[in-house]
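Those protein sequence lines, which keep their order, are chains V and F. Its first residue numbered 1, the first sequence is counted upward by one per residue in the numbering used here. Its first residue numbered 1001, the second sequence is counted upward by one per residue in the numbering used here.
In case anyone wonders, no lab produced these hints; they're calculated from the structure. Predicted model only: the values in this text are computed from it and were never measured. The C-beta atom is built at its ideal place from N, Cα and C for all residues, glycine as well. There's no promise every hint is true.
Just so you have them, the derived chain V footprint on chain F, three or more residues with Cβ under 8 Å [stated by the list, open to error]:
no.: 1; segment: 1134-1142
no.: 2; segment: 1148-1157
no.: 3; segment: 1161-1172
no.: 4; segment: 1197-1211
no.: 5; segment: 1260-1266
Which residues of chain V face chain F? A few of them, derived with a C-beta cut under 8 Å, are [as the list claims (entries may be wrong)]:
no.: 6; residue: G14
no.: 7; residue: I15
no.: 8; residue: G19
no.: 9; residue: P49
no.: 10; residue: F76
no.: 11; residue: R81
no.: 12; residue: G100
no.: 13; residue: K105
no.: 14; residue: I113
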Amino acid sequence: MDIREIISRASKEGIRHYGDSATLKFYDFLKERKFMTTKCRDCSNIDFPPRNFCTNCFSENIEWIEIPKRGRVYAFTNQKRALRFVYPDIIGFVEIEGVGRILTKLEGEDIKIGDEVEWDFQEVDGLTLHIFRKVKS
Amino acid sequence: MKIYIRGVYYDPVVKERHGETYKEVIHRVFKNVLKDAEISRDEVDGIVFTPPALGGLKQHFMHAHHMGHYLGQDFKVEVMVENGGSTAALAIRYAMLEIISGRCKSVMVICLDDRSDRIPEGMEFPHFIYDITIAQINLYGPFDSMYGIGAPIPYYAMAGQRYMYEKRVSREDLNYVAVRLRENAQNNEKALIRELIKPEDVTASKEICPPLHLHDCSIFAAGAAGILLVSEDFEKSNPSKKRKVSVKGYGEYHTPTSFLPNQLKYVPYYSEATRKASHEAFSQAKIKPHDVDVAEIYGVFSTTELTILEDMGFFEEGKSVYAFKEGNVGRESKLYVDPSGGRIACGHPAGATPAIEMCEVVTQLRGEANERQKKGRCDIGVVQAEHGMLNGSVVFVLEGEG
Ligand SMILES: [Zn+2]
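With these hints in hand, go ahead and build the complete structure from the sequences.
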């Protein structure tokens, strides 16, 4: 079996085992090219990663909302030996107002702390993942 | 109620262990701790283990049970404790609680770790890739791990980058962390890396995850350590000939974060858990940071070496780097930081690291550290451990008596 196919199968099994139904729903949304997380209808808290309950007030009265399109680079680095992406494999945390900091893949020239970025999607190992691209000023 | 650290021993930290199996290592550590404590095996009534390796693909189900059987001894306590990098610290805490509860008078803690990044003999590569992918999703979660996180380095690199940006710590100044820790390790025959380097050698070493270079990082290693804790009654009826070292304070705190926090309310390059654990331990011990003579901390990267010292209140935010630059963390300094060489130079077998730290602090407080012994007063020591990326932290305050 091809190594990429093995990583794909292991990833699906890992998501199922170490996640929950909200995790599966998050990846299903990504497949439909929707980048979503959960918001509490009772206290308005937004959780990322998504959950079936609110971590702030423990209410289970939650809804799925779309994550705002733009954020700013909080920090970034690159990995030289990771299995998922080819070099330059730049990953970073993007800070999104009201939501949180999200680990993602970054694309664009000369990325710096504070750069404005917006989300897009990329297919990797049978999954659709969010990535963020630098906004050209 | 007082608890004494009666016996300590740790193995030289090595890149890889050869010749002995983990059971043989545990038997040998057990004997060496008894020798240091000057007591017989029958006087040990409880035993606490860490897993033989953190992570890795081999099962260690019922490890404590198998070791009790292997050692051939009755115990009133026989258990294995695990929570990432804090594992050994929490194993020591478990032993303390058994003594505090009155059930045990003398509990041994045996901690070890081995390299677990190898393909097990006979396993085919595709099978290994499947298992390692699952293991990474376990550790880094079903969200982050899809971005190829295979080690914690990227998180520390990003937190460190932001710390340096916010606190204006220069790359040139950061080089001094590895320089000084290697100076400390020079007199520790058990340290893994003892060659001295110049500041420019750090940035000349391979870039692993910017801004971190190879010399900024602790590397995969194998090691083992044992600690014997005893009750006040035990110590009174069977006094040690060495300087007595007691646990004067304990603190522990955990925030609901994993590696670099997603929640905006946390400052990712500092650790609320370390601040709260330190405050609790220092309050219980009735000390202030400036009372501490020697500290062994869980600084696995140069940047966290700095931020932990600031979280613990030893230096103001953004200022700890100057202590390294000015050479003010060695045996002649007021605060001796990581006399063992710390994680970066002594080496970092994660599952054993907090116990190695405690061994080193006890050795300093007893005045037994020879060429690396702290000059001047050496009465109060601290040991700090963490897991994730400082999402949880454990702090002990130890005191040398008399
Ligand atoms: Zn809520």
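Taking the hints in turn, this is what the structure says about them:
Counting residues of the segment 1134-1142 of chain F whose beta-carbon sits less than 8 Å from any beta-carbon of chain V gives 6, enough to reach three: the coverage restraint holds. Restraint check on the segment 1148-1157 of chain F versus chain V: 5 residues with Cβ-Cβ distances below 8 Å, three needed, restraint holds. Counting residues of the segment 1161-1172 of chain F whose CB lies closer than 8 Å to any CB of chain V gives 3, which reaches the minimum of 3, so the coverage claim holds. Requiring three or more residues with a Cβ within less than 8 Å of a Cβ of chain V, the coverage given for the segment 1197-1211 of chain F holds, as 4 such residues are present.
With 5 residues having a beta carbon nearer than 8 Å to a beta carbon of chain V, the segment 1260-1266 of chain F meets the requirement of three or more and the stated coverage holds. The interface hint given for V/G14 is met, as the beta carbon of that residue sits about 3 Å from the closest beta carbon of chain F, less than 8 Å. Among the interface hints, the one on V/I15 holds; its C-beta lies about 4 Å from the nearest C-beta in chain F, closer than the 8 Å criterion. Given the 8 Å rule on beta carbons, the hint for V/G19 holds: about 4 Å separates it from the nearest Cβ of chain F.
Proximity of V/P49 to chain F holds as hinted, the smallest CB-CB distance being about 5 Å (cut-off 8 Å). Nearest Cβ of chain F to the Cβ of V/F76: about 7 Å, under the 8 Å cut. The hint holds. Proximity of V/R81 to chain F holds as hinted, the smallest CB-CB distance being about 7 Å (cut-off 8 Å). This hint holds: V/G100 has a C-beta 4 Å from the nearest C-beta of chain F, less than the 8 Å allowed.
Because the beta carbon of V/K105 sits about 6 Å from the nearest beta carbon in chain F, less than 8 Å, this interface hint is met. Satisfaction of the interface hint for V/I113 is found here, the shortest Cβ-Cβ separation to chain F being roughly 6 Å, below the 8 Å cut-off.
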